[in-house]
Amino acid sequence: MEGIGKTISEKVLSRASGKPDASAGDIVLAEIDLLMLHEITGPLAIRAFEEMGFERVWDPSKVVVVFDHNVPPSDISSASMMREMRSFVRAKGLTNFFEIGRGGIAHQLLAEKGMSAPGRLIIGADSHTCTAGGLGAFGVGVGSTEAAAVLGTGKLWLRVPETYRVIVRNRLIEPSSPKDLILEIIGEIGMEGAIYKAVEYCGEGIRSMSLDGRLTLANMSIEMSAKTGIVEPDEKVAYYIRERTGEDVELVRSDEDAVFEETFEFDASKTEPLVAVPPRIDDVKPARELGGVEIDQAFLGSCTNGRLEDLRAAARILKSNRVNPRVRMIVTPASMEVYREAMKEGLLDIFARAGAIICCPSCGPCLGMSQGVLGPEEVCVSSTNRNFVGRMGHRSSKVYLASPATVAASAITGRITDPRDIE
Amino acid sequence: MKVLTGKVTKLPDNVNTDDIIPARYLSSMDLDAMTEHAFEDYDASLKEKVREGGIIVAGKNFGCGSSREHAVIVLKKAGLKAVIAESFARIFFRNSINQGLLALQLEGSSEPIKDGDSVKIDLERFIVENETRSSIHRLRPIPPFLLSILNEGGLVPYLKKRRGWGIEA
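The listed protein sequences derive, respectively, from chains L and U. Using the numbering used here, the first residue of the first sequence is number 1, and each one after it goes up by one. Using the numbering used here, the first residue of the second sequence is number 1001, and each one after it goes up by one.
Source of the hints: derived by calculation from the structure; they are not laboratory data. Computed from a predicted model, the values in this text were never measured in an experiment. Hints should not be assumed to be uniformly reliable.
[Unchecked claim] Covered, in the sense of this in silico footprint (three residues per stretch, anywhere, with C-beta under 8 Å from a C-beta of chain U), are these stretches of chain L:
| hint | segment |
| --- | --- |
| 1 | 142-151 |
| 2 | 190-201 |
| 3 | 384-390 |
Glycine included, each C-beta is placed from N, C-alpha and C at the ideal position.
My request is simple: use the sequences and hints to build the entire structure.
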């Protein structure tokens, strides 16, 4: 493949493996720039690390440990797993540990700390590690044993993926949001449609999009089974990272003559408020077609949509409205930073006045662990990323995935509602 | 481990890791207790079937969703010897190899292999022989490097033995 342009994935994995010609299909042994562990997958990784016979962590400054799935711990077992993680952090001198109250959801933290930077190779023991691609990084989820291997060696084998290119023409028109756009994309490509591929997002609809929105796009790339999703980075990203780290970053983008396996085009100006109907992420319908679906719970939060822009979009709709008496609404900011900003802007007050409960930064009820688990037959409209059977609780409960604006609008009416239909 | 026989538990496309082990059981390091909850929401009878038959044959995108390696661990503890699928979600595939669980990609459709069929997996020729229906299906060969991880019993013993990756790749 000499003399042919490279995709972002090929550039990142060429650099990380020291093989300048690494191209799609090659298997490389890559040096990892950053490893993330949380309290669910971390303890298994620590045990595997010890069983492998490693003593030292390859680079204590390159490991991020976060508690986000069940915080503060709701039971003794969760507390014990966190305790095990803390003692590993201390014993190995890990310098990027985010204690409860000083962090938030891992993927959001990596962005806020300027760690998810263009061209970086980030491995996380969590499937939504692809969120890092919102800022141009190559983020890949792995299991606990491979996380342990990275802890010990700083390296991991990776297959250089082929790339799907998603070109987004024009701009989104509010209240349509990046969440609606990614649901539209997944609806088109399908829940297994991008299996093993990297998905690159570019075009005017992307350039005009906030960084919060780009993180939402990258985040949900895994839901079409992609290896990762990468938003073509621009000056907005460079500015954000400079502001947070003082460092200048190189904007790693695909070459004009890079080889893309397939190209998809979307027109963001035509994107409507959409909903993914359970139990399939790619069963995507306009919110207006689902007005008959009554809800019990509305959830705003998660690594997909718990950022400041998401809270703002929901607050705009809830400002002069109240949550329906039949519905409980749960708001979970993605991080302490988002929480504080939302407090300063008065967003939390809007939610509380409207009758929503505000929970601490965490994954919340997204995966049915805590803070809003669903009972039998209950229905939730949720800004999260998965609507699998039993995802948020009982196996007969249902999760409809939607944008923050649609979640807020639905919370008001008590049934799935297009935000354009609320005044 | 050149030939493996068993009875098929047939599963459709897109069986996800929440189906295999719901997240509410992940706040624990007691993996034996966790195994009791395998497939609990999806179909509680599957666990016993897998224990008896030892082989899952599935459609596309098997193991999609979360990175939880617990999904592979509980399947193995439940008695699964091999999982054959039209395609695998990548993290699940890697987790399987790393736990020493045979994950084999079928060339073509899984449709001709039915629930309860007796099959023989030949790892030298990378074929699966359906003894019930006298048909033969091709499997995609596993790259030698991954095979060496599998042959060691997973990534922990592999790395322990070599004190590193032992490849240049």
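Coverage of the segment 190-201 of chain L by chain U (three or more Cβ within 8 Å):
holds (count 4)
State whether the coverage of the segment 384-390 of chain L by chain U holds or is violated, taking the criterion as 3 or more residues with Cβ-Cβ distances under 8 Å.
Satisfied; 4 residues make the cut.
Checking C-beta pairs, does the segment 142-151 of chain L have three or more residues closer than 8 Å to chain U?
Our answer is that it holds, as 7 residues pass the Cβ test (under 8 Å) against chain U, meeting three.
Violated hints are absent here; each numbered hint is respected by the structure.
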